[in-house]
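Protein chains in written order, with my numbering: chain A, 37 to 359; chain B, 37 to 359; chain C, 37 to 359; chain D, 37 to 359.
There may be inaccurate statements among the hints.
Any copy, or any two copies together, can satisfy a pair, since identical chains are not distinguished.
As the list claims (entries may be wrong) - Here are the simulated lysine-lysine pairs, PhoX-like style, with alpha carbons at most 20 Å apart:
{"hint": "1", "residue 1": "310", "residue 2": "169"}
{"hint": "2", "residue 1": "307", "residue 2": "296"}
{"hint": "3", "residue 1": "149", "residue 2": "110"}
{"hint": "4", "residue 1": "110", "residue 2": "296"}
{"hint": "5", "residue 1": "39", "residue 2": "296"}
{"hint": "6", "residue 1": "310", "residue 2": "296"}
Calculated from the structure, these hints are not laboratory results.
Number of protein chains: 4
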Amino acid sequence: MNKIRIGIIGAGYIGTVHAQVLGRDERVELAAVHDLVEERARRLALSSGATAVRSPEEVIEASDAVYVTTPNTKHTELAVACAEAGKHVFCEKPMATNLEDARLVLAAAERSKAVFQVGHNRRFAPVYSALRKMLTEEAVPHSAHVKMNRGELINPEWVGDPTVTGGFLYETTIHMFDMMRFLFGEVAQMTALGSSHEYPETDDFSVLLGFENELHATLCSSADASWLFPFERVEVFCHHRTISTREMEALVSSEGMEGKEVTLSTHQLAKEEKWGYLQEDRAFVDSILAQTPPAVTALDGYKSVQLVDACYRAVRTGERITF
Amino acid sequence: MNKIRIGIIGAGYIGTVHAQVLGRDERVELAAVHDLVEERARRLALSSGATAVRSPEEVIEASDAVYVTTPNTKHTELAVACAEAGKHVFCEKPMATNLEDARLVLAAAERSKAVFQVGHNRRFAPVYSALRKMLTEEAVPHSAHVKMNRGELINPEWVGDPTVTGGFLYETTIHMFDMMRFLFGEVAQMTALGSSHEYPETDDFSVLLGFENELHATLCSSADASWLFPFERVEVFCHHRTISTREMEALVSSEGMEGKEVTLSTHQLAKEEKWGYLQEDRAFVDSILAQTPPAVTALDGYKSVQLVDACYRAVRTGERITF
Amino acid sequence: MNKIRIGIIGAGYIGTVHAQVLGRDERVELAAVHDLVEERARRLALSSGATAVRSPEEVIEASDAVYVTTPNTKHTELAVACAEAGKHVFCEKPMATNLEDARLVLAAAERSKAVFQVGHNRRFAPVYSALRKMLTEEAVPHSAHVKMNRGELINPEWVGDPTVTGGFLYETTIHMFDMMRFLFGEVAQMTALGSSHEYPETDDFSVLLGFENELHATLCSSADASWLFPFERVEVFCHHRTISTREMEALVSSEGMEGKEVTLSTHQLAKEEKWGYLQEDRAFVDSILAQTPPAVTALDGYKSVQLVDACYRAVRTGERITF
Amino acid sequence: MNKIRIGIIGAGYIGTVHAQVLGRDERVELAAVHDLVEERARRLALSSGATAVRSPEEVIEASDAVYVTTPNTKHTELAVACAEAGKHVFCEKPMATNLEDARLVLAAAERSKAVFQVGHNRRFAPVYSALRKMLTEEAVPHSAHVKMNRGELINPEWVGDPTVTGGFLYETTIHMFDMMRFLFGEVAQMTALGSSHEYPETDDFSVLLGFENELHATLCSSADASWLFPFERVEVFCHHRTISTREMEALVSSEGMEGKEVTLSTHQLAKEEKWGYLQEDRAFVDSILAQTPPAVTALDGYKSVQLVDACYRAVRTGERITF
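For reference, chain A alone in the conformation it holds in the complex (with noise of 0.2 Å):
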């Protein structure tokens, strides 16, 4: 059988990242990449084996499914691009920056029967899949608390630009809104107090969320905080049972009205791995040889953007949003 032919948008951290994963997998052919920055291109290029090319569209031709892996202000246009052009794609969250360019991304996907994956990682981290086991196979959960908080919005430089990241919340955060559904089902209602401290927009967010299956949540993200460990931690409360994580390093549970404590540590993972990188590009390849649904797909992106700005419209309103 012919190797699936990869191309690259956007050759920064994340694209590396893929590249390297793909590079290693057999089905697999990385063969066009492209950058705004041509050297980061080339460089790419040279350490995967791709070609470097002058434009997106050379590498949606040249390519069988492509990595949409910019900037997230650019993701709508390329990721919409691709999926017209009938390729496969794997788009990195968000999906979208706002709310009618997840719309338009959607229809996009749903038009193209090809697969349309979005960069969901964490849902494949151990840590992640692992809780979801349990709280699907073991425990009901009945309520939550959950955080996300960043040192700084500093390291890299873009991380702190909205008119790069679309907004502190769909930079890093959005991992935690798509986390809770997949973890707890759909949102029912929101509502959300921000502030501005350190950076020109809404850094720092206290979020209660009800699901529609009467699950209650908590969830704090602060882009002005510290690297405190674990500064991503998701904490489950279900019948005389907590589960908790410590970033994508390990998982806790603690069963029983005593003090027992079982903890799966990812300790010894190398971070693609750990983090789930490896997983969904693994996956990606999986649905587009056995012509399945994607493990996120477009839908999901949706939704993560969906909660994301329903979550900056609380905050401005001081509504109750409903969903």
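On the provided structure of chain A, position chains B, C and D as indicated by the hints.
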């Protein structure tokens, strides 16, 4: 100078803790103790050198200062009686288990010229007093994430009986409402979701709070989780700084943009000091002797009841409560 | 049946702990207490319902069983006197502070028909009893790494006075020598290096031990380190398994080739139970009533003294000590 | 100025790590790479821009400086050849897998005028360099407790083959022998016990060490334990101070008589920097350009082999080895 004669109404766990602390204070003489269960009064009297008496009235009569350490729902009547008798009062939290009763206690305390202190011990715990100091002297908090869970409402058995506790939030979670006022100032608004799982009352809460100073916070408190350490935690976010507690065992402060943490551990302290009982009892005696206002006033006690009451109301009505 | 009359010689910290535990045991009556400091005896008598008496002899006379809870260097004489009087004896560790005295106590205990138990409480602490169970039933240990440090020899002040303690190793480190016998069996050989830094005695030890069953272990114990938690830790290595304690707060077992850990936390227990005092006192009373051998025998007490003595000798001579 | 041409002999894991680091150093050009497995050389050549060549000799000829990153037992011959050719050499640890070979390498390095650096990367890891700084500038250590365990000798599969590794201690534990010299100075004496459990070699060690400066230490290293974090830990005891590492993830220092800890976390660093690979490669290039002695000399490499050799001898003979 004569020793202050102290009486104790309620010879259960917390009454015994106070008696032990007071028994080592040279300025104090344990005068009388009463409990509905005579055997308990007798036992505490024996170990503390006090006299077991047959009624609360006898305790009041024999004492300069009275500790009200009965079950929660009995605090109001006794606290009012002690205050009206002109005695100094140390009233355990909650001061009352509904707003109307809290007003009665507050009014009685305000009419009295004696000291009236409420037992919000956590303010005196080294972990929390050090946290307060940091937030006052070193760093301005902008948001917070607070949790206080339990493994069950079974041990001790009365803890699951709302006719004794006044309701789950009145029993332990009220400490966190007081703690937030202590650390962040007055609450301006509150929204909450709640549910009932294991116990015949609302036993699981997710709460969103806005403060007068613009700080916002999330709080969760479930009666049915586990004893996964830490089950009580306050995380505060400041400019390039995160400060977090692990129950009353440790305070961790991480400042700057790198991974540096400073931990204050109270592991070596005896529980009575670690939890602030020692310090609150000394502060009460100090206030009596120096004729100064108590460290935790009847108004503080009232406001913590007010917040608990508002939280129940917010869950019931679905409305945002403003103060 | 009549209650067992228990007397206490030595009303300091540990005597008081035992009195409190015994005071809640229905099978026991606290009969008499003596201390060289009369005020201490009086206070313990008051809180325990015992009678303060003027001499150890009076305690022995008034009691069926005697707790020897004086400073270390006084244990031998009193333990021998109690045993020779035919009384049951609970002798705090160390049974003696030199080998010759230990032999005297052992001989007296062996001549007596009464129960003679030594206060190696750690054997009863849930963390250590669970560890023992694992090593007996689940996993064969092949090596171990043990440490027991202190932050200072200042609090309490007598702890730095070898005329009271018998020497640094006799005070707390002896628990670890006993613990290693409890967990790993008899020691076959020992080599050690020591030095003196802050205190007028050898206060820092590095020890290499070989056991009869071929297990080997390292032990370190410094009097001048810090109270960095955990200052007491036993790590045991088995086939694809590491088991580690954090003081008497937690037992962590990691089995298999991946990062899975199971933690048993004793955080919720009261100190007297967490440290095994409750259990050892009950076991002592059980032995008296059932006329069964004690859980920690005079021979165990003798062997722990023997190991401490050998350790001092190993440091002094530079020789390998064999047993 | 011309770039330094660097060649790599051995294109396995560690050769690839160095190639990636060197590939980002502007002062360097990757010239040639060789591996007995041609495909590996080809792949590394592709991603690094170097040329794959057919023999070590061709690498030496094409390079100003050579990295010897073959299996352990091949280091000696290649390191000697490179040094004799007058090339700068970066020789991975262990420099040799027996004392005689180590002498050959040391002699060759001493005869050469070029730089000869040994790959004891841990000296450059921020956790260990910060620890060294503390011990040099702030606190005098008096004893230490060191461990380095493994979960297995199965992954990668050659790690359990002494004909490849030179023996268990030569593979990873040698880092700890070097680390102790780095932190505490020269070893004066060593006693050790060892045993064999799962693998066809001595795979479990308990070691007692005395240093020239009177410090004493214990070390344990088992090949058959588990991956319980941290499996590598150095604990150092100073006057009222304990300093402890958790692998290369964190350095905790606790000073004073209370429970205060300061933690330096390297959680945010990329592995190549966290483990010191980045820094050691830069230091090597610095030394070449500045014509200064390397940070880790051939003599350092020799002494670490000497300590491993002594440890095996100590186990075999049962004797105390002196230096």
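Results of checking the hints against the structure:
1. 310 / 169: within (17 Å within a copy, 32 Å between copies)
2. 307 / 296: between (29 Å within a copy, 18 Å between copies)
3. 149 / 110: neither (23 Å within a copy, 55 Å between copies)
4. 110 / 296: neither (48 Å within a copy, 36 Å between copies)
5. 39 / 296: Neither: 49 Å inside a chain and 38 Å across chains, both beyond 20 Å.
6. 310 / 296: Close across copies (15 Å), not inside one copy (25 Å); limit 20 Å.
Checked against the numbered hints above, the structure violates hints 3, 4, 5; every other hint is satisfied.
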